[in-house]
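Line order of the protein sequences matches chains A and B.
Numbering of the first sequence is given in the working numbering, commencing with residue 1 and proceeding in unit increments.
Numbering of the second sequence is given in the working numbering, commencing with residue 108 and proceeding in unit increments.
Hints are computed from structural coordinates only; laboratory data are not their basis.
Bear in mind the structure is a predicted one, so any value in this text is a computation, not a measurement.
A few of these clues could be false.
[Unchecked claim] Have a look at the derived ranges for each label pair, beta carbon to beta carbon:
# : chain 1 : residue 1 : chain 2 : residue 2 : range
1 : B       : D504      : A       : L103      : 38 to 48 Å
2 : A       : F68       : B       : K161      : 25 to 35 Å
3 : A       : H60       : B       : H415      : 55 to 65 Å
Yeah, the Cβ is synthetic: ideal placement off N, Cα and C, and Gly gets one too.
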Amino acid sequence: MKLISFDIRDCNFLIVSEERYFVFQVPGGLQVLVSDLCPHRGGPLHLAQKKNNCIICPWHETKVLTSFLVKHAVPAVRNGKRMTVVIDVPDTANVMFFCKTILVNQM
Amino acid sequence: MNKKLFNFDLALETFCSNPLFDDYENWVIKDNPYRRPIGHKKSKIINFEEPLEKDNYFSYSSLIAHRMLCNIYHSDLVFLPKNSYPSIKHDLDLFYSEDTKVTGQVIRPVLEHHVFSFLEDEIDVTGHWTHDSLKTYFLSLPEKQEDFPSKLVEAILSSKNSKRAAIFLLIQLASDFLSEASGMARNIMGNFGEVQSDLFKILIDEYGYGVHTTKHSTLYEKLLRTHNLDDCPHAYWQYYLTSSFIVPNYVHYVSLDHRNFFRYVGALYYAETTYPFACKHLSKMLKELFGTNTETQYFDEHWHIDQHHSRMTYNNLVEPLLHKFGTYIIEDLIRGYEEFNLVSEMSDHDFIEQLHFIENIADYKQSTCTLDIDTILNPGHKSIKLKNERSVPCVNDTNTLLVVESGTLAITPCYDFELYLNPGERIVIPKNRVYATLVKSDECVYYTYEIGDSI
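Please model the entire structure based on the sequences and the hints provided.
Written out as structure tokens, the structure is:
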């Protein structure tokens, strides 16, 4: 397992061994790290639309419950602006950090 | 027992009015563990129901609340004077009296909310944690500590008067180390299986396995005496920074309410895993400053034993608790771990800021030369004090300009250091920095002005 730490002011999107994750703002203020892949066919959930208690994938309009995202979020700890996550990959896995526009957090 | 004392405001007023918590005539309180000035000015109204925020944590209300909480927590602990009984029997009786205890317990939850609820905002534990992910998270800590320098030690060694800075640190640590493991002892009573016995093994180590000379607090007393410091608990109460209270008060806070037991275990793991390295740095620092033969047994003992305690806490507490109670407890374990991390960091940062103030206090005196009092919009507060009148150390919530009109006033930002101000002289006290005043002349007239950000 690999521990990854980052400042959430500088990074909101990760690629860990080619798997994509983004920081999702749950209604109510909590920030969780979730897979960017829609469970249907892998569409980019960071570009989804937020609607009521779901987000809607831009590819096939699959509705993914917010509670599903929270339940399956990557194990993470936020301490101030620092987030540390534990991802099930070898310690030597490659990690890339990005600061992107997360559309789903903007609505 | 007056039932009206169960009202918060009345309980607060009664608690603060306790003669034991009133101003004390000397800076150092000799052989009386019950005299602990709170320093709350009656004229200053504090809304303790409003929680503190991390960014402005070391405020006036924070210092006052933490002093009160320490007094409340310590009323559960046994302190006996070394030599001054029965002359202070009255103080002992008053410290442990019903009124003191009850008023303390009435105000305690509100004070705890005031000083600790910011932790809920600062720390989130999210996602689907498993046993394996927790293990990875926790067991990464010892490795991280190996190469981690101590910012505290670096600040002391790079200061203009490193020996004074080191002594000042030893005084701050006395707030906790002279009653070491008292918070831990709160978690040992009752009946909760094999984990209880393993926790007891750690506790009994802290108490030297019943051999007084090896008890950790005894080792710390020896260290203080080496530097000609008083080894009685809270002799230096008046020099404690807010940061000297925050860590031990946090431990008492999570230990008093056993709903927080798993949080306590997470905090314990963090403490036992980071202390060896902190103690190794401190031992090395003392040798560098005071010679290779200087007394360091307290820190050397912790470097050795806490490596075992870290392993014992993980293998014999965290793992069995996880097996028994499942992943439901992971959030609390991590929360305790991170909370202890955060309060320790804040404590170190506050000490370093105070050190910076002490080191550069002459500049704070000089820097006021160009400040025109006529431009300060708020009226100053006039103080007229007589010789040897002293203030209880306090902090201000804004930058404060202090101007001496007549007489001589000493400003004390730490133990064994005074800066004199003569007529016409002024100094800016930065906000959130602890300081006290002592009148050196027959009479002194001085003014204090809140000056906001203008320095």
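Hints versus structure:
In this structure the hint that D504/B and L103/A lie 38 to 48 Å apart at CB holds, the actual value being about 42 Å. Remark: the range hint 25 to 35 Å for F68/A to K161/B is upheld by a beta-carbon distance near 32 Å. Separated by about 56 Å at the C-beta atoms, H60/A and H415/B satisfy the suggested range of 55 to 65 Å.
In this structure, none of the earlier numbered hints is contradicted; all agree with it.
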